[in-house]
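Asks: These are the residues of each chain, in order.
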Amino acid sequence: MSQNTMNLKVKVWRQKNANTQGAFVTYDVAGISDEMSFLEMLDILNEKLITEGGDPVAFDHDCREGICGMCSLYINGKPHGPWQANTTCQLHMRAFKDGETIVIEPWRANSFPIVKDLTVDRSAFDRIIQAGGYISVNTGNAVDGNSLPIEKQNADDAFAAAMCIGCGACVAACKNSSAMLFLSAKVSHLALLPQGAPERKSRVLNMVAQMDKEGFGSCTNTGACEATCPKEISIANIARLNKEYLGASLSAE
Amino acid sequence: MLNSKIPAGKLDDKWVDYKGHCKLVNPANKRKMEVIIVGTGLAGASAAAAMGELGYKVKAFCFQDSPRRAHSIAAQGGINAAKNYQNDGDSVFRLFYDTIKGGDYRAREANVHRLAEVSANIIDQCVAQGVPFAREYGGLLSNRSFGGTQVQRTFYAAGQTGQQLLIGAYQALERQVALGNVTMHARHEMLDIVKIDGKARGIIARNLITGELEKHFGHAVLICSGGYGNVFYLSTNAMGSNVTAAWKAHKQGAYFANPCFTQIHPTCIPVSGDHQSKLTLMSESLRNDGRIWVPKNLGETRKANEIPEEERDYYLERRYPAFGNLVPRDVASRAAKERCDAGYGVGTSKQAVYLDYAAAIERYGKIEVSKQGLSNVAHEQIIAMGKEVVKEKYGNLFDMYAKITGENPYEVPMRIYPAVHYTMGGLWVDYELQTTVPGLYALGEANFSDHGANRLGASALMQGLADGYFVAPYTVGNNLADEIYNAAIPTTHPAFEEAAKKVAERIASLKNINGKQTAESFHKRLGKIIWNECGMSRNASGLKQAIADVQALKKEFWSDLRVPGEINEYNPELDKANRVADFIELGELMCIDALTREESCGGHFREEYQTPEGEALRDDKNFMFVSAWENKGEHEWELHKEELKYEVIQPSQRNYK
Chain R
1 MSQNTMNLKV KVWRQKNANT QGAFVTYDVA GISDEMSFLE MLDILNEKLI
51 TEGGDPVAFD HDCREGICGM CSLYINGKPH GPWQANTTCQ LHMRAFKDGE
101 TIVIEPWRAN SFPIVKDLTV DRSAFDRIIQ AGGYISVNTG NAVDGNSLPI
151 EKQNADDAFA AAMCIGCGAC VAACKNSSAM LFLSAKVSHL ALLPQGAPER
201 KSRVLNMVAQ MDKEGFGSCT NTGACEATCP KEISIANIAR LNKEYLGASL
251 SAE
Chain Y
254 MLNSKIPAGK LDDKWVDYKG HCKLVNPANK RKMEVIIVGT GLAGASAAAA
304 MGELGYKVKA FCFQDSPRRA HSIAAQGGIN AAKNYQNDGD SVFRLFYDTI
354 KGGDYRAREA NVHRLAEVSA NIIDQCVAQG VPFAREYGGL LSNRSFGGTQ
404 VQRTFYAAGQ TGQQLLIGAY QALERQVALG NVTMHARHEM LDIVKIDGKA
454 RGIIARNLIT GELEKHFGHA VLICSGGYGN VFYLSTNAMG SNVTAAWKAH
504 KQGAYFANPC FTQIHPTCIP VSGDHQSKLT LMSESLRNDG RIWVPKNLGE
554 TRKANEIPEE ERDYYLERRY PAFGNLVPRD VASRAAKERC DAGYGVGTSK
604 QAVYLDYAAA IERYGKIEVS KQGLSNVAHE QIIAMGKEVV KEKYGNLFDM
654 YAKITGENPY EVPMRIYPAV HYTMGGLWVD YELQTTVPGL YALGEANFSD
704 HGANRLGASA LMQGLADGYF VAPYTVGNNL ADEIYNAAIP TTHPAFEEAA
754 KKVAERIASL KNINGKQTAE SFHKRLGKII WNECGMSRNA SGLKQAIADV
804 QALKKEFWSD LRVPGEINEY NPELDKANRV ADFIELGELM CIDALTREES
854 CGGHFREEYQ TPEGEALRDD KNFMFVSAWE NKGEHEWELH KEELKYEVIQ
904 PSQRNYK
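Those protein sequences? They're chains R and Y, same order as listed.
In terms of my numbering, the first sequence is residues 1 to 253.
In terms of my numbering, the second sequence is residues 254 to 910.
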């Protein structure tokens, strides 16, 4: 519980907006406690920049407890930084050493255009969900929750896929900027449940079509997405997606 | 005179009768009616989806980059519903009764009963949407217990119930976007309500990417923007959670009710230093199995695991044998504060107590052994098996604790301390969830209506979805039925121009202060004032001082704030400054409300009013009312009282012993 403090350099991607060129700028940050979160370190940098009359670094963040999916950041070459199964907001400064230089970049993918500095536009994910990532049931139409028993294994697997927070780390980690892990998590979640069965075929076809339209790349099975996913979404979901897609394509009219 | 519009008749029949008699809008007319929804958490997303399904033209707004990010997502433990699947004696009445009692008899009976009635529909709706609730081996839904109840009525999805429910509502919302019924405006912040002839007719919203001000018309405006816990700066709320939308509504004539009713959650990870930007909750569900204790010896220096059983004080089990570790949140929080103030706190700050899983791990290990029919099992193996069970139940919470503190909670007890979590107060609404401004509604945490002076665990998700899926579609429709003759008003109307001009002026004045201090630093100072004087315990002299301090802070803010960057660009510091300015004004009202309420009830503990055992002492004779505050200008509010009439439940002193 004792605190150690360190002095660091952060090399940050600065870009005024989507239409301008960006560049790295290096800043010194001093007196950082190892108990701080990574974003608290950036808060300190920003307070310093504002006080000195500069422009603070823009980065997305909200819940700061690893669940909203708003934070991003490519830290020292890894989405969400060095820790396994972790989001940037849950990364703590214990992970770094005194004197170190930390390189911070935004998610880099054509389908996630930069808004400013480290903030990107991930609305493509919303549009993929709009293409079919739901069960069409209007409010008030439901039967009793227990009238439809679901095998525990399927319920657990559906939950494991539904844990996706939509942060986009899978896209950022992929050399092809593929969104297959994100897409497959939603397709799996709904395909594993009996409620999702009626729309199973149209869902997968429409969602894949939208993903292609958004310009995400193809999956070449490198597994970088699974390795970087903060919620440990399994690449087995991509296999399930491919099966669903093939089945739906063969039987579609 | 406040009219809460509670329908006549027996409590059990009110909602059924209301639904049977409320006015309807025919499908052709619905297509012409525009509804604005501000905020897309559980209340907003579910309302947007449900109203879109009905055929209304819905425009939804959120400040995040996607409606899936709203802070409802962080709710961990679960959602209550009076399903009685466990056959343990639950019923609509019992859920209603527990909620009224848990709220320390400061909530409205009719609203709470309706909440309990629709609770079961919520579970059904969510299951139909594909929300993957926890299930038993037989495939049926699983339940657990939460504080303040003696039945198992909480449905959950591991420690991520809020996430799963929000994703369900988000998907229903996105479906309506795809169908063209809902237009979604992400990265937009509402900065004022537009009123025409006394009615809410639209909003001014700022596009947070471009800084442009937009005018949007609506026949009705629904505020679903959540609570104001971030007035304390440090809370379990998301960094962006703010009171701005609700506060603008208040400044436009909506009364603000019971602002001093705030919930301090007993089980959060303690503050580690001045750098702290937010606090993290450890779900109340952990109190199902964990035991809370402090050392019996003052000045104890041994590590937790070295302190023998007989030298530990399980103070909740000692003080409240009937409910033990599952007393309501306000009671558990105060008990922790009492021990720490008395010098028994643990950790370096001494502002923490232990939440210990050793006994639960051993108990679960033994159950596994007998389940598997093993014999002669070594103690270490029992513990290992027990850890596996605990991991399955609470693994994500334990992992989160380990990441933040660097300690392994499977091996050493967690250190916890109370933190601001939820706000029961909010915009005053009638039975129809309409504020005192016609056409302006408040749903979910943004309103005050269902939790009285203290909210029970797993009830926030229930209320958000109840309001959005099952209440607002009827009550808003009842009022829109009178609007079918009114065509949409073009946003060139002078009222829109005037409102947009005012917002632009305010933004310019924030930017033009050109002082030295950051919005963040003002927010931190505000938080300290409110936490110290209007937090877990309050007294008259402290509150008076706090009011003066907040007024002084407001002056300093408006003369020495520095906002970097430009107005017409993506500028999160400008957004923050706007929000902090509103928090400062709210902070003053909270302290005024706390000072005026000369009793203790639920989360509002006035030191002057307590029983000899240190429990909250209510004054039903003089304070059985809702405080609804009307803004009258700078530092000025007028109090309106809504008397609370208990027709079914007889208020008594809450007893969890």
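Worth double-checking, as some hints may not be accurate.
Computed footprint of chain R on chain Y, listed as stretches where at least three residues anywhere in the stretch have a Cβ under 8 Å from a Cβ of chain R [unchecked claim]:
| id | region |
| --- | --- |
| 1 | 722 to 729 |
| 2 | 737 to 751 |
Below, a list of computed lysine-lysine pairs in the BS3-like style, where the Cα atoms sit at most 27 Å apart [unchecked claim]:
| id | chain 1 | residue 1 | chain 2 | residue 2 |
| --- | --- | --- | --- | --- |
| 3 | Y | K285 | Y | K556 |
| 4 | R | K48 | R | K152 |
| 5 | Y | K504 | Y | K452 |
| 6 | Y | K258 | Y | K549 |
| 7 | Y | K764 | R | K16 |
| 8 | R | K48 | Y | K504 |
| 9 | R | K9 | Y | K769 |
| 10 | Y | K258 | R | K16 |
| 11 | R | K16 | Y | K769 |
| 12 | R | K152 | Y | K283 |
| 13 | Y | K829 | R | K11 |
| 14 | Y | K781 | R | K152 |
| 15 | Y | K781 | R | K48 |
Since the hints were derived computationally from the structure, they do not count as laboratory data.
From the three backbone atoms N, C-alpha and C, an ideal C-beta is built for every residue, glycine too.
Asks: Next, verify each hint and record whether it holds.
Replies: Evaluated hints:
{"no.": "1", "hint": "722 to 729", "in the structure": "holds (count 3)"}
{"no.": "2", "hint": "737 to 751", "in the structure": "violated (count 0)"}
{"no.": "3", "hint": "Y/K285 x Y/K556", "in the structure": "violated (67 Å)"}
{"no.": "4", "hint": "R/K48 x R/K152", "in the structure": "violated (52 Å)"}
{"no.": "5", "hint": "Y/K504 x Y/K452", "in the structure": "holds (14 Å)"}
{"no.": "6", "hint": "Y/K258 x Y/K549", "in the structure": "violated (53 Å)"}
{"no.": "7", "hint": "Y/K764 x R/K16", "in the structure": "holds (19 Å)"}
{"no.": "8", "hint": "R/K48 x Y/K504", "in the structure": "violated (34 Å)"}
{"no.": "9", "hint": "R/K9 x Y/K769", "in the structure": "holds (25 Å)"}
{"no.": "10", "hint": "Y/K258 x R/K16", "in the structure": "violated (52 Å)"}
{"no.": "11", "hint": "R/K16 x Y/K769", "in the structure": "holds (23 Å)"}
{"no.": "12", "hint": "R/K152 x Y/K283", "in the structure": "violated (42 Å)"}
{"no.": "13", "hint": "Y/K829 x R/K11", "in the structure": "holds (25 Å)"}
{"no.": "14", "hint": "Y/K781 x R/K152", "in the structure": "violated (47 Å)"}
{"no.": "15", "hint": "Y/K781 x R/K48", "in the structure": "holds (21 Å)"}
Checked against the numbered hints above, the structure breaks hints 2, 3, 4, 6, 8, 10, 12 and 14 and satisfies the rest.
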